[in-house]
Amino acid sequence: MNRPATHSHAATALYAVSENESPQGDPSLQEPLPEVTAKRRGVLQRLVRRFSVLGLLGLVIVVFWLAVAFLGPLVAPYKGGAITSTEIFGSYSAAHPLGTDYLGRDLLSRVLFGTRYTVGLALASAVLASCIGTFFGLLAAVSGRAVDEVLSRLFDAVISIPSKVLALVVVAAFGSSIPILMGVAAFAYIPGAFRISRSLAVNLMTLEYVQVARARGEGLLYIARVEVLPNMIHPMLADFGLRFVFIVLLLSGLSFLGLGVQPPDADWGSLVRENIGGLALGAPAVLMPAIAIATLTVGVNLLIDNLRRRAGRGQGAA
Amino acid sequence: MKSHAQRLIAARLGLALLTLLIVSALVFALTGLLPGDAAQQALGQAATPAQVAALRHQFGLDQPAVQRYAQWLLHAVSGNFGTSLSNNLPVSELIATRLPNSLVLAGLTTLVSVPIALMIGITSAMFRGSLLDRVLNVLTLSTVAVPEFLIATIAVLIFAVKLRWLPALSYLSDVSSFEALLRIYAMPVMTLCCVIIAQMARMTRAAVLDQLNASYVEMAILKGASPMRVVLRHVLPNTIGPIANAVALSLSYLFGGVVIVESIFNYPGLASLMVDAVTNRDMPLVQGCVMVFCVAYLALVLVADLCQIVSNPRLRQR
Chain A
1 MNRPATHSHA ATALYAVSEN ESPQGDPSLQ EPLPEVTAKR RGVLQRLVRR
51 FSVLGLLGLV IVVFWLAVAF LGPLVAPYKG GAITSTEIFG SYSAAHPLGT
101 DYLGRDLLSR VLFGTRYTVG LALASAVLAS CIGTFFGLLA AVSGRAVDEV
151 LSRLFDAVIS IPSKVLALVV VAAFGSSIPI LMGVAAFAYI PGAFRISRSL
201 AVNLMTLEYV QVARARGEGL LYIARVEVLP NMIHPMLADF GLRFVFIVLL
251 LSGLSFLGLG VQPPDADWGS LVRENIGGLA LGAPAVLMPA IAIATLTVGV
301 NLLIDNLRRR AGRGQGAA
Chain B
1001 MKSHAQRLIA ARLGLALLTL LIVSALVFAL TGLLPGDAAQ QALGQAATPA
1051 QVAALRHQFG LDQPAVQRYA QWLLHAVSGN FGTSLSNNLP VSELIATRLP
1101 NSLVLAGLTT LVSVPIALMI GITSAMFRGS LLDRVLNVLT LSTVAVPEFL
1151 IATIAVLIFA VKLRWLPALS YLSDVSSFEA LLRIYAMPVM TLCCVIIAQM
1201 ARMTRAAVLD QLNASYVEMA ILKGASPMRV VLRHVLPNTI GPIANAVALS
1251 LSYLFGGVVI VESIFNYPGL ASLMVDAVTN RDMPLVQGCV MVFCVAYLAL
1301 VLVADLCQIV SNPRLRQR
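Line by line, the protein sequences give chains A and B.
Using our numbering, the first residue of the first sequence is number 1, and each one after it goes up by one.
Using our numbering, the first residue of the second sequence is number 1001, and each one after it goes up by one.
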């Protein structure tokens, strides 16, 4: 309800375009361009057709939370840390749609401000983990057996420390700060990305066109970059989504233990922890942040499941 | 006659030991070398340099890194992880009092989750593509992505706050009868089961589906075997290996899950000991706990590997 109104009136939309230089806006309002509109509609339709109902639901949820991560603080009714009510653990009301927390702060604003930490931090860590993992996976696949063996053993060792336990060790050693959290989340999930990208790349390396490239005398870098990488990007993207889900769960778990994002900042996990005292009162302050996490992770999972299913059908495999 | 299988088993054992060695080096590097000064930590800001130097000598922190690692490793192998910094008890003693509790929790969870997960996985594979399969797919997909603390808080809200059936915290000293035991373990086990069952069921389904696509299954169907018989007599014996793998992988997830669950229910297990150790930055205790977790993980994976080898008749005959 606090979301910015999207071009409801033609006039306001036109003004908004000229004032904010925003590239959005109904294309039909700007010069005619019938082909563009037709193409757009075609893309949209194809997009809808490609998704099942649940996949579409996942997509909507993911886009919604991404938008909140960027716009949340702008549309929040109160400032994140402001104490706005005398009632603690208040229930749903017009002034506080999600109730109030243990200090009487507006929970909706807290959640909106926290989105940035939960989504942003996890996104950054997932990008790091996937990129580094893919890099080493490619390296292991294209280089000789010795390199492959050493890398595989090393990453197998890291994988045998449960990710939450590994994160706890690092937090014990270095304390908890945003860069450390990002680093440890990435580090914990590099081995998984490595394993998958390595097995994909090893399979690709046996194909004829790679052997042709080798026979042509191409360098390893060229083979990795031009022949192998483009062909494994799709499965790696699905894997990236999974890694994102795991990292969200890991980081909010850490925050829930009081070892993640530190006050006064708060991600969704910290919000659950802060308000756990309201559990006996049945306060929405405990449930809402936890439900926010669940919608995000379930949404991403639904989206990936949909994409993978399509990809699988395309290749004719179950 | 059995030499091939035996050689494989020996190779797996060696690999596990090598992994453990790398893990120990990694853990020691993270906790023993990098994070500055345990002596300074223990004495606080007000300590004089002479005091710090004396304590450093007492801790052995003034020796070279490799020597300290070798010493630590020798002690660790004999079960001696040093003395806890925060309460001056031997780490091995602290772990020994907590480990049985965690093992009981893990054991109960395994007993409950494995049969349910196998049933769900096999059923949805048998009826693949049906409505039941699709519903189960979405259910397990969503449960995998839900953070443990959401399940735990909802369980507490329903069973402890609203219905008042179960205690919200686990006090093991209260165990006097079988019923009391059930009441204490019900919620922690239920929370852990949710996530693990979902994961295990998905992997079981994939493993069974993999076999259902094989040509010997088509043969069995063509000769008129009932679907039940096809799955139980023909498919299941061939999926023991992959299913054992799935079970081991999912159970290894327990080690992450218990960290959260034990803290929520205040259950006196190994994971909550470790969380306390991390909060107090009690490094010897952290090291001890991590190594126990890793040994448990490797043991699980090893058992799964052994199942795979033993269940494969081709390896037995040679």
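None of these hints come from the bench; they were simulated from the model.
Nothing here was measured: the structure is a model prediction, and the numbers come from that model.
Glycine included, C-beta positions come from ideal geometry on N, C-alpha and C.
Errors might be hidden in some of the hints.
Said to hold, decoys possible - Away from chain B, derived, C-beta distances all over 10 Å, residues of chain A:
1) A76
2) L123
3) L154
4) G217
5) L249
6) F256
7) D265
8) L279
9) A280
10) N301
Claimed, not checked - Quick partial rundown of chain A residues pointing at chain B, CB under 7 Å, derived from the structure:
11) G55
12) L168
13) E208
14) P264
Unchecked claim - Footprint (simulated), chain A over chain B, 3 or more residues, beta carbon under 8 Å:
15) 1085-1093
16) 1112-1120
17) 1150-1156
18) 1194-1205
Open item on the list: Tell me the hint numbers this structure goes against, listed in increasing order.
Closed with: Going through the list in order, the structure violates hints 3, 5, 6, 8, 9, 10, 11, 13, 14, 15, 16 and 18 and respects the others.
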